[in-house]
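Peer 1: Whole structure, please, built from the sequences with the hints as guidance.
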Amino acid sequence: MAANAVSRRDEDEVCPVCKSSRYLNPDMRFLINPECYHKMCESCVDRIFSSGPANCPVAGCRKTLRKNRFRTQTFEDINVEREVDIRRRVMQILNRREEEFDTKRNYDDFLEQREEIIANLVSRIDVSKTEAQLQKYASENMASIRANQTLEQEEATSFQARINLEQEQARIRRQAARQEYEIERREVQAGREDFLTRLASGTSTDAAAIAREGHKVLLKKSSARRSEEDRIRQKQAALRSEPTRVAGVSSGADTGLVKGLRKIKTPEPEKPYDPFMGYVPEKRDYYSLQESYPSQFLDNYRNNISVLAGGYDLREYYSRTLLEAFAGLSCFVDEEVSQRDAARVSAPVATEGAAIAAGQSGEGSA
Amino acid sequence: MIEDDIYRASSQYRLWSYTESSLQSLRATTNTVASERVRAALRRSREQQSATSSAAGTPQPGSDMDGKNKDEKEIECLTPEEELVLVRYYCEKTLELGETYRPPMPTMARATAIQYLRRFYITNSPMTYHPKSIMACALFVATKTENYYMSLRQFADGIPGETSPEDVIAPEFLLMQGLRFTFDIRHPFRGLEGGVMELQAIADGQGQPAPHLPHETAEDLQQGLLSIAPPPTPSKSMSDRIAVAHGKTRDLLKTAAQMTDAYFLYTPSQIWLSAFLVADRPLAEFLLDVKLGGPVTATIPTPETDENGLLNPLYEIRSKLHRVLTECSALLQSYTPLSSDPVQMKNLKRIAKKLYHCQNPEKVNLKRESAQAPVSQPDSGAVTSESESERLAKKRKLEQEQMARQGNDVFGPDLVQRTKP
Amino acid sequence: MALSPFSSRSPSMTVHSPNTAIRLRATAAQNAASGTAAVAASKPVPHGDRELTEQLNIDVRERYVKDKKVGEGTYAVVFVGHLRDNPSSLVAIKKIKVNAEYKDGLAMDAVREVKYLQELKHPNVIALHDVFSSKDQNLSLVLEFLPGGDLEMLIKDSDIQYGVADIKAWMGMLARGVWWCHENFVLHRDIKPNNLLIAADGEVKLADFGLARSFADPGFRMTSQVITRWYRPLELLYGAPHYSGAVDVWSMGMVFAELLIRVPFVAGNTDLDQVSKICEAFGTPTEDNWPGVSKLPHYIPTDKSQVVPLQGRDFFMRQFPTAGPVGADLLMAMCALDPRKRRTATQCLQHSWWTVDPRPTQNENLPRKSGGTKKMGDDLARRDLDEGLFKSAARQLDFGMK
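Residue numbers (our numbering), protein chains in the order written: chain F, 10 to 375; chain U, 13 to 433; chain W, 146 to 547.
Rather than coming from a laboratory, the hints here were simulated on the basis of the structure.
Check each hint, because a few of them may be wrong.
Said to hold, decoys possible - To be clear about the criterion: a stretch of chain U counts as covered by chain W if any three or more of its residues have a C-beta under 8 Å from a C-beta of chain W, and this derived list gives those stretches:
#1 159–171
#2 179–185
#3 190–204
Said to hold, decoys possible - Keeping only pairs whose Cα atoms sit at most 25 Å apart, straight-line, the calculated BS3-like set for lysine-lysine is:
#4 W:K519 - W:K213
#5 W:K486 - F:K292
#6 F:K292 - W:K266
What the hints assert, rightly or not - Some residues of chain U that are not near chain W, with every Cβ distance over 10 Å (derived):
#7 A21
#8 E94
#9 Q235
Note that beta-carbon positions come from the ideal geometry of N, C-alpha and C, so glycine has one too.
Peer 2: So this is what it looks like as structure tokens:
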């Protein structure tokens, strides 16, 4: 369409700068510079700007233009040309993606805001203020802008990538299946050898039992390994196909201009796994638990093998008696209870039932 | 302190700990509500009485109102204090009842039953549910919750006198509801064992310092223990002294701690230490010193501060604890068994007589109530509607009328006669 | 932490009570005015019929709405419900049936479950939000809603694949749940995959405390008829009356093994069969490797020729290759025949397996399955369905004392 638009060559077209006409010079090309959109012929551009930036030769226009920014006009209407340029520039800066927003609504608001900015620039309303906003946003969100640009490019080329990926996965699957088959084959072999050596060494009387056991072990092993490997493979595949959506480079917090962005949690450095999830086992404030305590009464059990054989463990008893000896020692019920009652009175309740219900629900959800 | 937070998670702390004043006013409320309802119930019963009599004889207009006003004045209800005496008496009875079994029930089961009774009567009045009927049930439920399970029949057989298994089990649900379905009672008995074990270890030179006072060695601790003030009664050795204090404390915990409000007002560790203070003050003070640092009385004027200039938190705890343990010791010492005190027994008899006249007639036969419940109250998961309670009231009335007609009065002697002087 | 309701001297308390009183007086006045006693007596007594505790109970009950039945057993019916004022807050309501055959009041299962769940609050123990009674004197337990099914379901479902990192995550949650019980001196005594329920977020929760009890004091006997057979340790099969938290650790070990191989590891048909299968798998207990074992009440001596030596580390590594050498070591420590040589729950959590690679899978990435609500319903309602005889025996007989 762009080519067509200008293809309709106007025989009478005249360069506004050098006044040469197409009639005399059929190869003449007109260029514009998005600084001012004043049209001039290619030879004028070469002549005026080849030695560096210079002022626009059109009377009354003082814009400084550079040669490298001259280009052919796409649209016949220079106003459309300009609007398209503005739009492209704004959209390159305000290039937030839908998935970066908390809600669809917030994304829509963003789109609307972007249109407004474009409209302002096109119709020259609040230009300096709007430009300042854009610049500020651009400098503050450099990383996210770049990341999203990259994403867009990637998306453009993703189709081919997807095809490649699928082929790669198929290859991995084939290879894994081959490996697995190989491992299993070797294990069967090893199992047989083991079976034979055990039979030969004669540690057990029942050959059939050994055979059965060997077979069982093998089955268990292979089924366990298979599911384990399947999972690893799936995870690998998932990892590969996961879009490299690292748009999270952005600060996440609302930028001054764009609202409603999803709060992006910068992935915390993984802490080592704590099997107790924050509790410190056996930590006490009033006592240090001893391995044993003197007690004539307990001696009856300490030395009673039929009590001990069942696993009865006096240490469990020590730990309980010691805890109960001191648990709540400095819970001062009168103080604490009146405090929590005061807290409850502040919340209006209709009946004592409701008060109790409130107390219980707190407990339930605690 | 970690141990304290562990206790704070218990239902005993969450649901069954009170200040003295909150406990008192809660009981007062229960008493007021129950009194109103006893009066209303007696009035209904009396009205129904006159209804049946008027159906049989000649109606006398006007006489109803006079009779009612007269009656209402005559019904004298128990006071909260009287209710408390009554409950205490049945707590003592629970202890005895546990003793009658062969072998006697473990202390823990009996103590649990007593605490169930005490908890139940915070929101229920003896005028509504007689403690005699609740007591056996509380002990039976305690056998279930304290792993001393026996069959209901076996249990009922063990009760002196004529008590059927149905009598025992009838109020079970009511009781559990009153307990708000919390069955776990934190007793001070095991804690006492732990404390004594620690003391014995120190006496044997195997003691370990408290985590917050790590500089003490086993020898320091042992020396400290040997140099404390002599016991109230002389003893041969430190081990003997500990054993004597142990025994005395245990007795206090089995009795005074059960019969007073100690469980509601204090934590199990405070209770056993208070009892231990009563049994052998220097020994108990020594243990506190080991756990929380130096004697508090001497250091109050010059509290130790840490490097930040803050009051050592252990000293703060120690001084609060001093007050709380003193209070709790006084509470435990204030207890004398009712049965051994003629004055108290006389008072009790008076209360029992009074209760006879203000027992809620509609709640006397629990067995009947629980037996009919599934039939008369289908479970719809919804609220009891006004119309349903109306229906119930009607049903109850019909039954009462029928009984009266049959001359089979399950409520005992005629109420009108009973209330006349 | 929650607040004690009764301790409140809030105005609400005193406001309500006179209210009742006023209403009663109003009824009385009306009766007096009506003149005919017969009419007065049949007047409804609005709330006069409710004790304070009854009212409390009704208030609790009214906070929940039952939606639909999701499971039924001989012992209980389970509903999914929600808070009346918040339809999105789901709960499971387990209604315990009045057992006509059981004349001794509330069944021990229910007593135990309520007693212990009221005290144990932990992310890996099913939460008991409330308890209330219905009008027909049935008990309803309001429990945490766990729609993720249970571990048994995941183990059995061949469409679900999981790896050692997932097993580690599940075992970690199980071990923490058991550890918490033991920290609070409670023995669970029925650990098995279908008592390990899964929350919507993937968290594993220990459920069914119907056989739980607190640690016995020295000298007090306990019943050995606990724990479902395949997960029951040898000391219980030998009838030991004095035992410890080690019994739960054995069950945990059996669950671990089952997660690894996806079939119950030692599945005996009878108690005797279970004993011989355990001995076959792990070795024969002797006075040497387990001092005192022959003194246990139901100890069965093994013929000298039948004695299988105790299995060593290589056995576990061979049998459970997926666990890796460190995992196999932990499993071995959970499956020590002599309960005194078994690791405690605390020691299990202190094992190095948790911190070596692979790291336990995050909850949100754990394999899961739909249809868990029904499974939860069945799990909570179960008890006495499988192995009916054994379970009733455990419930009715010998609760330790005697």
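Peer 1: Per the coverage rule (Cβ-Cβ under 8 Å, at least three residues), is the segment 159–171 of chain U covered by chain W?
Peer 2: holds (count 6)
Peer 1: Under the criterion that the straight-line Cα-Cα distance not exceed 25 Å, is the pair F:K292, W:K266 satisfied?
Peer 2: 19 Å, holds
Peer 1: Run the C-beta distances from U:Q235 to all of chain W and say if the shortest one exceeds 10 Å.
Peer 2: Holds, because the least Cβ-Cβ distance between U:Q235 and chain W comes to about 31 Å, which exceeds 10 Å.
Peer 1: Using Cβ atoms and 10 Å as the threshold, tell me whether U:E94 really stays out of contact range of chain W.
Peer 2: 19 Å, holds
Peer 1: Is the claim that U:A21 lies outside the interface with chain W correct, judged by CB distances over 10 Å?
Peer 2: The claim is violated: U:A21 sits with its nearest Cβ about 6 Å from chain W, within 10 Å.
Peer 1: Take a quick look at whether W:K519 and W:K213 sit within 25 Å of each other, Cα to Cα.
Peer 2: Measuring from Cα to Cα gives roughly 11 Å; hence the hint holds.
Peer 1: With the threshold set at 25 Å, check whether the alpha-carbon distance from W:K486 to F:K292 stays at or below it.
Peer 2: 23 Å, holds
Peer 1: State whether the coverage of the segment 190–204 of chain U by chain W holds or is violated, taking the criterion as 3 or more residues with Cβ-Cβ distances under 8 Å.
Peer 2: holds (count 7)
Peer 1: Three or more residues of the segment 179–185 of chain U near chain W by CB distance under 8 Å?
Peer 2: holds (count 3)
Of the numbered hints stated above, the single one contradicted by the structure is hint 7.
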